[in-house]
Amino acid sequence: MDFFSIGLVLACASAALGALWRMRGWFKRGVAMGRPGQDRPRPGVLGILGMLVGGLADLVLLRRTMRSPLRWTGHTLLILGFGPLIVLHAMDGVVTRPFFAGYEPTLDPWQFLRNLFGLLSVLGLTLLFLNRCMTLKKFSKLQDWTLIAVVFGILISGFLLESFKIMSAGDFKRMVDDYFVEAESEELISLKAYWARENGVRFRQFLPTAPELLELGAELHEDRCAGCHSPTSSAFVSRSMTSLVPASLYIADQGRDLFWYVHVGLAFLGLALLPWGKFFHPVATGINLLTRGGTRTADTPTHTLARGLGLDACTRCGQCSLHCSVAPAHRVLGNPDILPMDKLADLRCHLDDRLSPGRSAALVEGSHICTECLRCTQVCSAGIDLQDLWMASKKSLTEAGRAGVDGEIRKRTAGEWARELASRDLGRVGGTGAGLADRAESFWGCVQCTTCTGVCPVVAVSEDPSRDLDLAPQQIMNLLRMGLKAQTLGARMVWSCTTCYKCQEHCPQGVPVADILYELRQLGAEILRKKEGRS
Amino acid sequence: MKYAYFPGCKIAHHLPIHGRSVEAVCARLDVELVKTEFSCCGYPVRHESRDASVYSALRNLALAENLGLDLMTPCKCCFGNLQQARYQAGQDEKLKHRMKDLLHEEGLEFPEKVRVRHFLQILDDLPGSVASAVIRPLKGLKIACHYGCHALRPENITHFDDPLAPTIFERLVAATGATPLPWDLRLECCGYPLRGRDENIADLLVAKKMAGASSSGADLLATACTYCQLQFGGENQKRSQTIPAVLFSTILGLALGLNPEEVGIKPGDVLTRFVV
Chain A
1 MDFFSIGLVL
11 ACASAALGAL
21 WRMRGWFKRG
31 VAMGRPGQDR
41 PRPGVLGILG
51 MLVGGLADLV
61 LLRRTMRSPL
71 RWTGHTLLIL
81 GFGPLIVLHA
91 MDGVVTRPFF
101 AGYEPTLDPW
111 QFLRNLFGLL
121 SVLGLTLLFL
131 NRCMTLKKFS
141 KLQDWTLIAV
151 VFGILISGFL
161 LESFKIMSAG
171 DFKRMVDDYF
181 VEAESEELIS
191 LKAYWARENG
201 VRFRQFLPTA
211 PELLELGAEL
221 HEDRCAGCHS
231 PTSSAFVSRS
241 MTSLVPASLY
251 IADQGRDLFW
261 YVHVGLAFLG
271 LALLPWGKFF
281 HPVATGINLL
291 TRGGTRTADT
301 PTHTLARGLG
311 LDACTRCGQC
321 SLHCSVAPAH
331 RVLGNPDILP
341 MDKLADLRCH
351 LDDRLSPGRS
361 AALVEGSHIC
371 TECLRCTQVC
381 SAGIDLQDLW
391 MASKKSLTEA
401 GRAGVDGEIR
411 KRTAGEWARE
421 LASRDLGRVG
431 GTGAGLADRA
441 ESFWGCVQCT
451 TCTGVCPVVA
461 VSEDPSRDLD
471 LAPQQIMNLL
481 RMGLKAQTLG
491 ARMVWSCTTC
501 YKCQEHCPQG
511 VPVADILYEL
521 RQLGAEILRK
531 KEGRS
Chain B
1 MKYAYFPGCK
11 IAHHLPIHGR
21 SVEAVCARLD
31 VELVKTEFSC
41 CGYPVRHESR
51 DASVYSALRN
61 LALAENLGLD
71 LMTPCKCCFG
81 NLQQARYQAG
91 QDEKLKHRMK
101 DLLHEEGLEF
111 PEKVRVRHFL
121 QILDDLPGSV
131 ASAVIRPLKG
141 LKIACHYGCH
151 ALRPENITHF
161 DDPLAPTIFE
171 RLVAATGATP
181 LPWDLRLECC
191 GYPLRGRDEN
201 IADLLVAKKM
211 AGASSSGADL
221 LATACTYCQL
231 QFGGENQKRS
241 QTIPAVLFST
251 ILGLALGLNP
261 EEVGIKPGDV
271 LTRFVV
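Note that the protein sequences, when read in sequence, are chains A and B.
Residue 152 in the working numbering sits at position 152 of the first sequence, with consecutive numbering throughout.
Residue 245 in the working numbering sits at position 245 of the second sequence, with consecutive numbering throughout.
Bear in mind the hints are in silico, worked out from the structure with no lab data behind them.
Among the clues, some could well be false.
The following residues of chain B were derived to be distant from chain A, with all beta-carbon distances above 10 Å [what the hints assert, rightly or not]:
| # | residue |
| --- | --- |
| 1 | Ala12 |
| 2 | Arg28 |
| 3 | Glu37 |
| 4 | Pro44 |
| 5 | Gln91 |
| 6 | Lys113 |
| 7 | Asp125 |
| 8 | Leu164 |
| 9 | Cys189 |
| 10 | Gly191 |
| 11 | Ala202 |
Ranges of calculated distance between the beta carbons of each label pair, as one might list FRET restraints [claimed, not checked]:
| # | chain 1 | residue 1 | chain 2 | residue 2 | range |
| --- | --- | --- | --- | --- | --- |
| 12 | A | Thr135 | B | Ala207 | 46 to 52 Å |
| 13 | A | Met134 | B | Asp30 | 52 to 58 Å |
| 14 | B | Ser215 | A | Pro43 | 41 to 47 Å |
| 15 | B | Thr36 | A | Asp352 | 49 to 55 Å |
Fair warning: this is a prediction, and the values are worked out from it, not measured in the lab.
Built from N, CA and C at the ideal position, the CB exists for glycine as well.
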């Protein structure tokens with residue numbers, strides 16, 4: 001077993017087992033998301049046909065990436081280049097040779113096409129790299145850069161390998177030994193002279209340039225070599241690159257050996273990494289685009305498996321996070337899980353039960369700050385039904401007792417919160433608040449007339465306000481006036497305020513009752529963020 | 001008339017018909033709506049953080065100001081929070097500084113001039129009255145108007161209408177040829193803000209409100225806010241005997257002679273008797 005066979009077997013095993021493991025995740029996480037609702041209308045025959053066309057258009061034309069022309073161009077070039085390279089070049093033993101009579105990698109059109117496809121890929125990848133640097137840098141992680149680096153490495157090492165092979169006198173000798181056994185030394189010299197001049201092979205020995213010798217070399221070439229060798233000038237990229245190596249350096253044989261290992265090794269690495277993170281996106285995203293059928297809304301029926309697939313189809317292109325409606329809240333609060341791309345990754349970990357408590361709290365906050373505005377779903381270039389994932393995960397998190405700030409506060413009574421918070425300097429915690437609750441002036445006018453409580457619709461619908469709400473609005477104002485903020489923070493009245501502002505509008509003394517209740521909730525949220533280590 | 005159109009987050013998925021009917025009505029009345037990519041108004045996140053809420057709102061106002069347009073929203077909660085944000089920044093120098101810094105990082109200026117208008121206000125402002133554009137008067141239709149809290153109160157911040165005796169909604173309903181009915185709870189809360197926070201009280205509030213509208217003798221309850229309509233509409237779906245809640249944009253669209261389907265009237269709806 002040599003390097004190639006061992007590497008190929010290991011890489012294929014990693015890719016195949018990893019892909020199975022990824023697909024198992026589609027089932028597992030799909031089930032963990034809970035049963036999808038059955039309220040979405042099923043499409044008719046025409047609808048299904050439309051979805052088929054839409055899905056294909058999204059897949060083949062990369063329609064969903066068109067909002068960024070740079071990215072669309074880059075990705076299209078990369079697919080047009082790298083796809084054929086994988087099929088025709090990397091898998092030539094099982095595809096090109098059996099299906100195309102007379103295939104030789106050194107014959108045109110293959111030699112030319114390999115360079116063309118390689119060049120398209122390099123151009124495309126460069127555009128994608130620029131796009132990531134310019135618009136997505138802040139969202140990018142190790143796997144984003146690794147994927148670009150591995151593919152770029154495969155392409156560049158391929159060109160370098162071919163360049164050194166073109167220059168290699170060792171390769172020339174090997175071929176001559178195999179196919180030119182009975183040659184006389186003058187013939188060999190003239191063939192060398194011809195190959196040095198026409199095909200760029202670099203020999204250490206001095207070679208004559210007399211026309212009649214070159215002519216003899218040309219004849220020999222036609223007779224013995226040309227059947228398998230097109231002029232190396234058709235490998236236009238690799239041949240041009242040979243001029244980068246100074247003529248005085250004879251490193252072609254070593255370079256060829258080195259870059260063979262680099263090129264083949266990186267190709268195996270890429271194959272082995274296929275199941276890792278976004279390396280899998282050509283598989284998962286492709287299937288997801290087809291199953292979503294061009295839909296940009298969350299109106300078509302979903303399926304457990306489709307949800308699991310959607311969770312796995314993110315390409316980390318960052319569009320959702322760039323266009324997210326609550327991105328301003330993320331800028332202020334700094335929780336990465338407010339933005340869809342990171343939230344999706346953490347939701348995946350959460351469904352796998354491997355999210356740390358801190359990240360878990362971040363996911364819950366992000367999940368509850370999401371306004372379900374549909375925009376991420378509309379811009380997602382992988383076509384993921386994010387809207388459905390957000391609504392379903394918010395519901396299941398809530399059912400599991402993770403209902404955000406409100407839920408956490410309600411887990412304990414007002415008295416328990418009062419005891420816990422009594423020892424803290426609450427004024428300092430709410431540093432960014434308006435400070436209304438801490439300012440004596442806010443309550444100077446309060447004469448405890450109970451108007452706020454009297455007009456409160458929440459108090460009005462409660463059969464037993466002291467049981468349901470702990471404190472009435474005017475009692476909260478009174479406690480705050482006495483500086484007993486901790487006594488009020490856990491009161492149900494604070495958290496069940498419907499924010500209708502009737503209390504504030506009707507207060508004859510101008511106490512900003514509703515604004516103060518808002519401030520208390522903001523303070524509660526801030527205390528929890530601190531407690532959970534999020535700020 | 002031309003406005004930067006601020007639909008708010010809930011329309012796209014949860015109530016698309018509100019967006020479609022508002023746009024159709026505006027097109028019919030020659031009100032041009034300019035669309036740009038706004039973010040959330042900051043209302044939902046106000047419970048979590050004042051800075052996040054105020055910044056979300058100001059960023060939108062700055063975007064509208066860049067367009068050189070006043071902003072129009074059909075949602076009362078968006079309207080209220082956009083007004084709140086500027087008021088709060090005006091009250092607190094430190095907050096205003098933090099907001100200016102955040103805006104500058106995005107290349108935006110603190111919005112000083114842009115006005116925030118609600119859908120009902122721009123209809124009320126129209127130079128030619130809405131009534132003159134009505135071609136299918138809704139004669140005999142009795143409507144209970146639901147105001148929506150966040151536009152109405154606190155009046156010193158929202159500047160929407162008289163907070164104790166508002167008339168704008170009834171005036172516009174009358175312009176369609178329908179009859180607005182007085183009723184006790186028209187200024188009360190719909191209960192939506194407690195959805196997901198205190199479902200029990202949210203249910204009690206909406207039930208009380210709809211019972212009140214029903215006992216006023218109205219044929220339907222009119223709303224002009226995405227959240228309110230979601231709350232009442234949800235109740236309509238859960239309990240079929242409740243008074244139907246209809247968006248004012250749908251009612252007006254019908255009176256303006258727009259395609260009933262386009263403004264959200266489905267077969268069997270209370271308004272179908274006016275469809276010729």
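Here's how the hints hold up against the structure:
no.: 1; hint: Ala12; result: violated, 4 Å
no.: 2; hint: Arg28; result: holds, 26 Å
no.: 3; hint: Glu37; result: violated, 7 Å
no.: 4; hint: Pro44; result: violated, 5 Å
no.: 5; hint: Gln91; result: violated, 7 Å
no.: 6; hint: Lys113; result: holds, 21 Å
no.: 7; hint: Asp125; result: holds, 24 Å
no.: 8; hint: Leu164; result: violated, 8 Å
no.: 9; hint: Cys189; result: violated, 4 Å
no.: 10; hint: Gly191; result: violated, 6 Å
no.: 11; hint: Ala202; result: violated, 8 Å
no.: 12; hint: A:Thr135 <-> B:Ala207: 46 to 52 Å; result: holds, 49 Å
no.: 13; hint: A:Met134 <-> B:Asp30: 52 to 58 Å; result: violated, 41 Å
no.: 14; hint: B:Ser215 <-> A:Pro43: 41 to 47 Å; result: holds, 43 Å
no.: 15; hint: B:Thr36 <-> A:Asp352: 49 to 55 Å; result: violated, 39 Å
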